[in-house]
Amino acid sequence: MSAGRPLLDAADLQVWIEGSHILQGVSFSMPDRGVTALLGRNGVGKTTTVKALLGLVPRTGRVVFDGTDITARPTHAIVAGGIGYVPEDRGIFSALTVAENLRLAERRPGEHRYDLVHELFPEIGRRADQPAGTLSGGQQQMLAIGRALLNDNKLLIVDEPTKGLAPRIVREVADAVARAARQVPVLLVEQNLSLVRRVADRAVVLDAGRVVHTGPALELLDDADRVRALLGVARTAGTPRAPGAPGAEGTADARGPAEETVAPGTAALPTPGAETEGRRTA
Amino acid sequence: MSTVVLLVITGLGLGALYFLIASGLSLIFGLMDVLNFAHGAFLAIGAYGTWWAAEYLPGAGPAGFGFLLAVAFGVAAGTLAATLVELCVIRPLYGRHREQILATVGLSLAVPALIQAVWGADPLTFPKPELVSGAASVLGVHIPRDRFLLILAAVAVFAALWLFNSRTRYGLIVRAGVQDRAMVTALGIDVRRSFTLVFAIGGAAAALAGALGGLYFGVVTPTQGLSLLIFAFIVVVIGGTTSLTGCAIASVTVGLIQQFANYYTVAGLGDIAVVIVLALVLLTRQGGLTARKSAERVA
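Same order as they appear, the protein sequences are chains B and L. Heads up, the first sequence is in numbering that gives the first Met the number 0, so the first residue is 0 and it goes up one at a time. Heads up, the second sequence is in numbering that gives the first Met the number 0, so the first residue is 0 and it goes up one at a time.
Keep in mind that the hints are not guaranteed to be accurate.
Claimed, not checked - Simulated restraints, written as ranges between beta carbons of each label pair:
| no. | chain 1 | residue 1 | chain 2 | residue 2 | range |
| --- | --- | --- | --- | --- | --- |
| 1 | L | Thr167 | B | Thr59 | 50 to 56 Å |
| 2 | L | Val4 | B | Glu17 | 41 to 47 Å |
| 3 | L | Leu279 | B | Arg112 | 26 to 32 Å |
| 4 | L | Ala112 | B | Trp15 | 54 to 60 Å |
| 5 | L | Glu98 | B | Asp222 | 39 to 45 Å |
| 6 | B | Pro30 | L | Leu108 | 57 to 63 Å |
| 7 | B | Ala165 | L | Leu279 | 42 to 48 Å |
| 8 | B | Gly24 | L | Leu108 | 46 to 52 Å |
| 9 | L | Thr167 | B | His212 | 18 to 24 Å |
| 10 | B | Ser19 | L | Ala109 | 37 to 43 Å |
Stated by the list, open to error - Calculated Cβ distances over 12 Å to all of chain L for the following chain B residues:
| no. | residue |
| --- | --- |
| 11 | Ala10 |
| 12 | Gly81 |
| 13 | Ala94 |
No lab work stands behind these hints: they were computed from the structure. None of the values given here were measured: they were computed from a predicted structure. Ideal Cβ placement from N, Cα and C applies to all residues, glycine included.
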């Protein structure tokens, strides 16, 4: 990978779903290291953007990944090019066992990082023969992240990993995301700003299907007025960055572990999937 | 007692025939969400392919190894037809259910018409090897031998499909794809390749049903596939669209009900009895006999 070239470059992504213009020209790029957070109120098109990047929804525009134009490629070819994807609904196959869920994700023979997955999530290893549908929400999320880490990917796309999880599990998942980010660049869709503050280097903010802000994540989160204007959050607070996490040096915020989330907002356009759900309490 | 034994074994034979057709139909619907009305055409191609090979293919014949070769030819013809249909007709129409129905219904009418144009509408006598001719005595009851062959073939196909589903990577992809095709694709898997394979497997099972159905009925007709397809659809609905075991249970249930009802009531009431069972299942268990509540997820 040549220095300075973005890992992922999306240009003028447009998506129409059932007559609604969901993405109205989303353009952004992300570097080949660290965590880029995709932020915005409910229904602004974050999940649709991720799906458009992966070709999971019909779209126009252009997507370049690792120097290659992948716009015309089918989803399986895009992913096989080195992308691990953790969808918003986790995408766990409930009728398969935990081991089968992982085996399904194996791409190239002999190059699977089971050691890393079991080290990060020992629970997953212990429950290998259990049907994935009987796992708790947190365990399912660990399985989904573990599945994405199984292959030697160039990029992880993680869509709302803490959604609907208990606070204790949120911390475990956050640890896993922070650890994963040390190995591979991550595009993180997240409404839990505490997690964003902890792990993200850059932020891309969407509103009504367009990118309205890009820049360093902490710079955005420390600007209360801008956060209120873009995300509808009344105050910023956060947890310290994980030691060793990207950008941790000199950025610790000791204001405590208060969880903060993006406001439900007043998105003008309907968005498919769970982005239309009410805000969860993390 | 002897009547009951006769009805049970012939009912199992008929159920075996239904299973051979319905298993492929169920796989195709479960994974690909395609209501394949052309499935009966694969059966007809298998039946006529076997008949033709037994008559004209060098090395094949109506008896012994020659008949096995004829059956292999018929199955190969049905498999090839299914593969071509998936690649040329179904693949461009994924997600377009109305067009799929129109296309497959069209094929289900066109193939028998084509067969009729070539070999005529009259039933053709199907070859019957000596091994499966006549009757075998079970508990003092004379049972046609071909029923046992059908049962054996269905058990073998069930075992093969079970092994395919549970022991192979393609089986894993199929089981996952039944639940969420998009997510399988998002794991970097070209699910279309599995679709073609599943269609080919379904076509092979239907073609085998055509060949063995020829033994069962003694004749082949261009519309045999169409009439059997109706019962195969009933089996799929009763058994649940994603369960091989459900499909097997439903096949046996339908076969037995038909035989017993036809014998103990009036001929023809067996078909009505099956439709009544279908209605009861639809009213009480919409996902079929093997439907289960999805596992509770605890956040």
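Against the structure, the hints come out as follows:
no., hint, verdict
1, L:Thr167 with B:Thr59: 50 to 56 Å, "violated (39 Å)"
2, L:Val4 with B:Glu17: 41 to 47 Å, "violated (59 Å)"
3, L:Leu279 with B:Arg112: 26 to 32 Å, "violated (51 Å)"
4, L:Ala112 with B:Trp15: 54 to 60 Å, "violated (42 Å)"
5, L:Glu98 with B:Asp222: 39 to 45 Å, "violated (53 Å)"
6, B:Pro30 with L:Leu108: 57 to 63 Å, "holds (59 Å)"
7, B:Ala165 with L:Leu279: 42 to 48 Å, "holds (43 Å)"
8, B:Gly24 with L:Leu108: 46 to 52 Å, "holds (48 Å)"
9, L:Thr167 with B:His212: 18 to 24 Å, "violated (49 Å)"
10, B:Ser19 with L:Ala109: 37 to 43 Å, "holds (40 Å)"
11, Ala10, "holds (22 Å)"
12, Gly81, "violated (9 Å)"
13, Ala94, "violated (6 Å)"
The structure does not agree with the numbered hints 1, 2, 3, 4, 5, 9, 12 and 13 stated previously, though it agrees with the rest.
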